[in-house]
Amino acid sequence: MFVVVVGCGRVGAQVARGLVEDGHDVNVIDENPEALQRLGGDFAGGFIQGVALETTVLEAAGIERADAFVAATNGDNTNLVVAQVARDRYEVECVIVRVLDPARARFYEERGLVTVCPTRTAIDSISQALRTFSATDGEGA
Amino acid sequence: MYAVIVGGGKVGSNVGRALLRMGHEVSIVESRPQRFAMLEGEFEHMARYGDGTEISVLEAAGMARADVCIAVTGDDEDNIIIGQVARGQFAVENVIARVNDPRNQQHFDLLGVAPTVCATESILSLIEHEVPQHSLVHLVSLRRENLDIMEIGVVGGSRADATALGDLPMPRGTLVISVLRDHVGRVASPETVLAAGDQVVVIAEPGQESALMEIFASE
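Here the protein sequences come in this chain order: A and B. Residues 8 to 148 (our numbering) make up the first sequence, in order. Residues 50 to 268 (our numbering) make up the second sequence, in order.
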């Protein structure tokens, strides 16, 4: 499949590398040209420098033929807007959006976006780890 | 009326001040600490500190009982999210949003955040109006109605010159509203006979410009 990834930070870059390793075509968009370094010198996918809100940039990245779209910049609102543009304007079949704020993530999930909320995951994992501890070692502590 | 203004820059604070003077109730949400301190000095408890794209901040600002939400931050993605959350989460009926970069207008339209105001676009259309490059000038776009209002100069020797409006083959989805002649505007009727130099105001569905130019502005 062909995937467009917006945001080449820790998350976006690793997702893109993993996809290429699995044999998929990937184009990554980031406004900072230096973000390219995160992909490593051997990255076989494409890199487009630009602001993802601009349709010319999205189209240069091939969004019109994308099977999947990942919005993973460090801005929740940028991610939520470009994800909706990918879904509603370019009719990309699979759109995944990273949202740090759990409340906003829930709001847009209820409106049909596939959201990934690292904050929620951290809260759940930490709480679970503490519950496990309290049920065993921490007994009576 | 209760208005929640998100973004306390020049636009937000001036709108807030004007609404207060008109006797309305106002809250202004601002996320920059320094700017907030300034606003608090003037607006006191009506200024609220926080990220206006966070649902809890909007809730604390009383968005649930707002009659109107005015999203005027300097970031278009923020204004879009504020508009969507105000409508979707708080059922605010009236949302007015500022477009900072005219290239983002299409995103506001696509994602249902309307009406919008864009200073750049307004200035450009004023320039077009004051210094016309063409004999057709867009006056207003009624986005929700999907209609444009435009002004066209009647060119001598065109199809429209010396012809009654009722006899013109107007394209479907267009209507002449008024005729301006010698600085006097009159509501148009089918009997109005046009002359070169008249300015007609036309309301039209989008995409009729070339058909209208053909009638009014081609010799």
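Source of the hints: derived by calculation from the structure; they are not laboratory data. Quick caveat, the model's predicted, so the values are computed rather than measured. A couple of the hints might just be wrong.
Selected chain B positions facing chain A (Cβ under 7 Å, derived; list incomplete) [unchecked claim]:
(1) T102
(2) I104
(3) V106
(4) E126
(5) I129
(6) I130
(7) Q138
(8) H156
(9) D158
(10) L159
DEER-style ranges, computed between Cβ atoms [said to hold, decoys possible]:
(11) A/D144 x B/G99: 35 to 43 Å
(12) A/E71 x B/E240: 46 to 54 Å
(13) A/G48 x B/R192: 28 to 36 Å
Just so it is clear, CB atoms sit at the ideal spot from N, CA and C, and this is done for glycine as well.
Now the hints, each set against the structure:
1. For the restraint placing B/T102 at the interface with chain A, the shortest Cβ-Cβ distance is roughly 6 Å, inside the 7 Å limit, so the hint holds.
2. At about 4 Å, the closest approach between the beta carbon of B/I104 and any beta carbon in chain A falls short of 7 Å, and the interface hint on this residue holds.
3. Evaluation of the B/V106 hint against chain A yields a violated restraint, the C-beta minimum of about 10 Å exceeding 7 Å.
4. Nearest Cβ of chain A to the Cβ of B/E126: about 4 Å, under the 7 Å cut. The hint holds.
5. This hint holds: B/I129 has a C-beta 5 Å from the nearest C-beta of chain A, less than the 7 Å allowed.
6. Here the hint on B/I130 is kept, as its CB sits about 5 Å from the closest CB of chain A, short of 7 Å.
7. The beta carbon of B/Q138 is positioned within 7 Å of a beta carbon in chain A (closest approach about 6 Å), and the interface hint is therefore held.
8. The interface hint given for B/H156 is met, as the beta carbon of that residue sits about 6 Å from the closest beta carbon of chain A, less than 7 Å.
9. With a least beta-carbon distance of about 10 Å to chain A, the hint placing B/D158 at the interface is violated under the 7 Å criterion.
10. The criterion of a C-beta within 7 Å of any C-beta in chain A is met by B/L159, whose closest approach is roughly 6 Å, and the hint holds.
11. For the pair A/D144 and B/G99, the supplied restraint of 35 to 43 Å holds, since their beta-carbon distance comes to about 40 Å.
12. At about 51 Å, the beta-carbon gap between A/E71 and B/E240 stays in the expected band of 46 to 54 Å.
13. Separation of A/G48 from B/R192 is about 47 Å and departs from the stated range, judged on CB atoms against 28 to 36 Å.
In terms of the numbered hints stated before, the structure departs from hints 3, 9, 13, listed from lowest to highest.
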